[in-house]
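Work the whole structure out from these sequences, hints included.
Just so you know, the sequences run in chain order A and B. 1 is the number of the first residue of the first sequence in UniProt numbering; add one for each residue after it. 1 is the number of the first residue of the second sequence in UniProt numbering; add one for each residue after it.
Keep in mind that the hints were calculated from the coordinates and are not lab data. You may find that some hints are simply not true.
[To be verified] Okay, derived cross-link-like pairs now, DSBU-like style, lysine-lysine, Cα gap no bigger than 35 Å in a straight line:
1) A:Lys55 with B:Lys166
2) B:Lys256 with A:Lys208
3) A:Lys31 with B:Lys93
4) A:Lys3 with B:Lys166
5) B:Lys178 with B:Lys77
6) B:Lys249 with A:Lys208
7) A:Lys31 with B:Lys166
8) A:Lys3 with B:Lys93
9) B:Lys93 with A:Lys208
10) A:Lys31 with B:Lys338
11) A:Lys3 with A:Lys31
12) A:Lys40 with B:Lys77
13) A:Lys40 with B:Lys13
14) B:Lys13 with A:Lys208
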Amino acid sequence: MDKFTELTAIAAPMPTENIDTDQIIPARFLKTIQRTGLGKNAFAAQRYDADGNEKPDFVLNQEPYRHAEILITYDNLGCGSSREHAPWALLDFGIRCVIAPSFADIFFNNCFKNGILPIPLPREICDELMDDARQGSNSRLTVDLERQVIVRPNGETIAFEVDPFRRHMLLEGLDDIGQTMAHDTEISSFEHRPSRAWVPSITIGTVK
Amino acid sequence: MPVTNSPRTLFDKIWDDHVVERIEDGTCILYIDRHLVHEVTSPQAFEGLRLSGRRVRRPDATVAVVDHNVPTSDRSKPIEEPQSRLQIETLEKNVAEFGIPYFPLRSASQGIVHVVGPEQGISLPGMTIVCGDSHTSTHGALGSLAFGIGTSEVEHVLATQTILQKPAKNMRVSVEGKVGPGVTAKDIMLAIIGRIGTAGGTGHVIEFAGSAIRDLDMAGRMTVCNMSIEAGARAGLVAPDETTFAYVKGRPFAPKGEAFDQACDYWRSLASDEGAYFDTEVTLAAEEIIPSVTWGTSPQDVLPIDGSVPSPSDVADPARAAQIQRALDYMGLEAGQKIAGTPVDVVFIGSCTNSRLEDLRAAADVVRGRHVAEGVRAMIVPGSGLVKHAAEAEGLDKVFLDAGFEWREAGCSMCLGMNPDRLTPGQRCASTSNRNFEGRQGPDGRTHLCSPAMAAAAAVRGHLCDVRELAKETV
Ligand code: SF4
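Written out as structure tokens, the structure reads:
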């Protein structure tokens with residue numbers, strides 16, 4: 001996973017609530033067996049017409065937002081399915097940071113696992129950042145994970161919260177699995193607790 | 001395991017019994033008892049294992065099934081869509097390589113992962129259960145902690161049999177009293193989502209309680225828990241009771257004999273203690289719930305069937321008003337119009353929300369002696385091969401076929417339109433599934449969520465209608 005330390009980038013404003021994972025990546029594009037390549041179909045229904053032509057009024061089809069690396073929305077971003085294809089599609093499009101008043105749980109988690117930083121901020125602040133974003137290509141936001149601040153184009157800083165463990169993993173670009181495997185002894189001893197004796201095993205030949 | 005004397009909730013108890021270790025800042029390594037795997041969200045996880053030379057820690061706690069992509073028509077032919085075929089073949093290759101028990105397409109028990117797990121006794125009370133699919137919450141009906149995970153977490157569970165999580169907040173939704181005629185588990189859940197909203201449960205695990213929940217059979221409880229995710233919750237659960245034990249007993253992978261009795265004692269001890277703390281409590285009166293449908297493009301856009309579609313002018317918040325307008329435009333509805341009477345093109349009875357034998361019976365009770373309205377395509381997609389078989393043994397297939405329904409093979413089908421079962425642009429569907437998002441059932445398709453009985457009523461009338469009116473007629 002790529003590290004996330006500091007990002008200075010164009011932000012795309014999407015002032016909509018409940019942007020669900022089916023919007024971020026429609027189900028018909030889930031047939032891939034890879035993590036990459038989904039960016040061209042991110043927001044497909046809003047981005048393209050029936051003939052596959054770009055719809056000019058959609059923000060990510062406009063300059064400079066087609067180069068956006070930050071997305072700002074309203075409440076409950078990423079609601080819907082657990083599909084990690086949603087953050088994969090955003091990442092493949094180029095998005096490294098999402099800002100919203102609130103997020104759906106699984107999506108929030110999935111972002112961290114893919115090196116995307118999700119930042120919850122109050123709606124008024126999201127509105128202000130959207131106003132910044134609307135100023136166009138000279139108006140970049142800086143997201144500094146080390147200092148836990150967003151720097152607005154006018155120099156003002158906005159502090160944000162992030163779980164220390166998640167922050168550490170992002171800053172170092174670490175993979176959870178390796179970390180957890182270091183606790184193998186504890187996992188093994190848990191598995192042998194007598195209180196767990198009732199949990200049946202499923203042997204391969206018995207499933208048909 | 002922290003020993004504590006303070007009263008705990010059902011969720012707290014299952015959680016505490018699965019914490020391997022608390023690591024930094026309250027994040028826990030949580031042990032997973034069952035990991036269910038399907039073809040769409042697993043290929044990248046297996047690939048990750050291969051790339052890092054890792055193995056599957058507990059193949060005997062992992063079960064795979066194909067469901068999302070599979071054709072629900074004639075299965076004697078090869079799968080036409082090359083990409084769907086590749087995904088299924090990839091799963092088959094992975095389960096063979098890593099030694100994972102698997103229900104293949106040709107299995108008589110194949111079906112939707114959330115139908116197969118409980119039906120086989122693979123999912124049991126008191127367990128932690130995960131699957132790379134948000135509707136894993138369904139299994140919470142057994143009194144287990146079951147939630148959806150992303151593909152990175154699928155890989156994490158395959159490699160370590162644990163996940164990293166912080167405890168959720170506790171929410172209790174109590175539905176008290178008795179529901180009226182024609183009101184089903186689906187209507188109860190739609191009413192709950194209508195009340196608390198699609199973000200109402202964010203950060204919480206919901207325990208569904210109250211007499212109306214206890215009165216539900218297991219299929220009904222699964223319908224309710226299934227849609228916990230549509231209420232924004234991480235998971236939903238119901239305390240295991242005699243209804244649960246009777247359901248579990250004798251299932252192929254459930255404990256047997258003395259082990260079963262011992263397990264029941266443990267499961268009984270899991271119910272929330274008197275005085276346990278819930279961060280959020282919501283109570284609904286069962287009598288006030290009437291058969292419902294959704295009108296918009298979010299599951300919280302719920303209306304009682306005698307209700308009218310909202311208008312953007314009803315709300316003060318301009319963003320919300322714009323959203324209502326957008327939903328109306330998408331759904332092809334007028335502000336203020338009665339929802340009953342809206343003509344439908346397609347009726348879909350299926351999905352992990354409502355495709356169990358009890359659901360099909362409820363639909364058949366409405367359909368029996370009637371016929372699908374002219375111009376309506378109506379399909380029944382049983383949740384598993386076993387459900388299909390059991391329904392056929394009762395003659396339900398005949399009821400549906402005589403009425404002009406399609407009787408199909410098990411799978412996710414039109415719930416998400418990954419296989420060829422899809423709405424065409426502009427088509428309107430009464431659907432027993434769980435999501436009415438834009439494009440969910442096919443690009444520009446329009447979805448009205450409802451119960452199997454209400455969907456069946458829409459099929460025979462050709463429009464959304466109150467199933468209770470049909471019950472009054474003699475056929
Ligand atoms: S039936 Fe629908 S909601 Fe359920 S697992 Fe399949 S696609 Fe997901």
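Looking back at the hints listed earlier, which ones does the structure fail to meet?
-> 1, 5, 10, 13
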